[in-house]
Structures are given as C-alpha cells and as structure tokens.
Amino acid sequence: MSGSDGWLRFARLVGRLKTLRRQGWIDRGVEEPESVADHSFRLALLAWLLARARPDLDAERAAILALAHDVAEAITGDRTPFDAALRAGAERERLFRQRPIYDPESEARKTAAERAALAELTALLPESAGAALVAAWEEYEAGKTAEARFVRQLDKLETVLQAFEYHARQPGLIIDSFVLGALDEVVDPVLRSLLERAIAEAHWHPPGGD
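In terms of this note's numbering, the sequence shown opens at residue 4 and continues consecutively.
Honestly, I wouldn't trust all of these hints.
Cβ-Cβ distance ranges computed for the label pairs, FRET-style [as the list claims (entries may be wrong)]:
id, residue 1, residue 2, range
1, GLU96, ARG172, 38 to 48 Å
2, GLU168, THR22, 41 to 51 Å
3, ALA145, ALA88, 23 to 33 Å
4, ALA14, ALA88, 29 to 39 Å
By construction, these hints were calculated from the structure, which means they are not laboratory data. Note that CB positions come from ideal geometry on N, CA and C, so glycine has one too.
Please model the entire structure based on the sequences and the hints provided.
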C-alpha cells in the first residue's frame, strides 16, 4: 500500500495509542489511567527540552526516539514485566512492592512481536519514512547511543512522575515497583537529580523503610 491510502491507514492504526490504556496502571486499579499516547507525548516533550541543554545530546533525535519507542503497541498492545506472574496468580500487593523482574525469554518474545508489528506499520509508509521509524525504534531498543540511553532513563522517570500523580489522587495505590525500578536504572546525573527531588517531594520511602 502506498500514497494517501497508506498514510491514512497508518494514521488510523497509530491512533489506537490515544485510547490504549497503559497496562501497568490498569493492573494497579488506577481510575481513568493515561493512554500510551499520553505517556509518549510527555516523554517526547521532556526529552526534547532537557536534551537541548546538553551539548552531548541531539535534542531532536531524543524527541524522535521518545515518540517512536512505544509505537508498535498500536498493534501488540501494552505488556509489562509482571504479565506472566499475574497470569500465574501471583499476589498483586507483594508483586507490586518489588523491583520489576525482566525475564529474558519474555523480553525476547515482546521485542520480536513489536518488531513484527513495526514492519506491518511501516509497510504502509513510503520506504524512506518507514526506514526512519524503524531506525528510531531499533536505536531505542538497543540503548547504545547517548540519546537512547538518555530517553530510556527518562522513560523510567516520567513513569515515576505519573505514579506519584496517581498516588496523590488514590493513596492506596501500590507504586513501589516503578520507583524501585527507576532507582536502579536512572543514573544520568540530571535525571537522577530530578528523580530524587520527585521522591523527596512525594515523601516516598522504600518498602520496609522508615
């Protein structure tokens, strides 16, 4: 498919992200959870603005990676590291109070499904446009460039910010896994400072802490 038909089909497919609710919030019982597109918008805007102040980062590239990183979910849906455990009947409160555990086989299946979905999406686009989208997604997945490492860490920070916003609205929500995961993975000095400031302002303490 090519031309206007392809662009319209692509637009309708990625438009699903506007109503696809993020599974991690659904699992925790968030009322009116954000969509994948909501998350990607704030992530992309923050990536662009924060990277502009950094001589080591290409701000436009960072924004593009943020926009592309979840686009395949328009077809695959949103998956989380806890999906298998929840299907097996794990106790939710215990599960959501611990660090996310990424199973290599599950992650490989997720990546393969998203890569196939991306191929389906980009087949609707002119070759150069499709190749650019695939390149951005693959760059983010590999996490080897400075921009990819930055955006991957910012993704964790943005999710923590959202978790604290939901927790302020619903104090009973268990959001520890998001914060613990971010504390493990956010090492960029600027992003780490923002994360620690957000944690302090939210008065969050690790499970079992004072």
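Going down the list of hints, with the structure as the test:
Separation of GLU96 from ARG172 is about 19 Å and departs from the stated range, judged on CB atoms against 38 to 48 Å. Our hint of 41 to 51 Å for GLU168 and THR22 is violated, since their Cβ atoms are close to 20 Å apart. Taking 23 to 33 Å as the suggested C-beta distance range, the pair ALA145 and ALA88 conforms, at roughly 27 Å. Between ALA14 and ALA88 the beta carbon distance is about 36 Å. The supplied range of 29 to 39 Å therefore holds.
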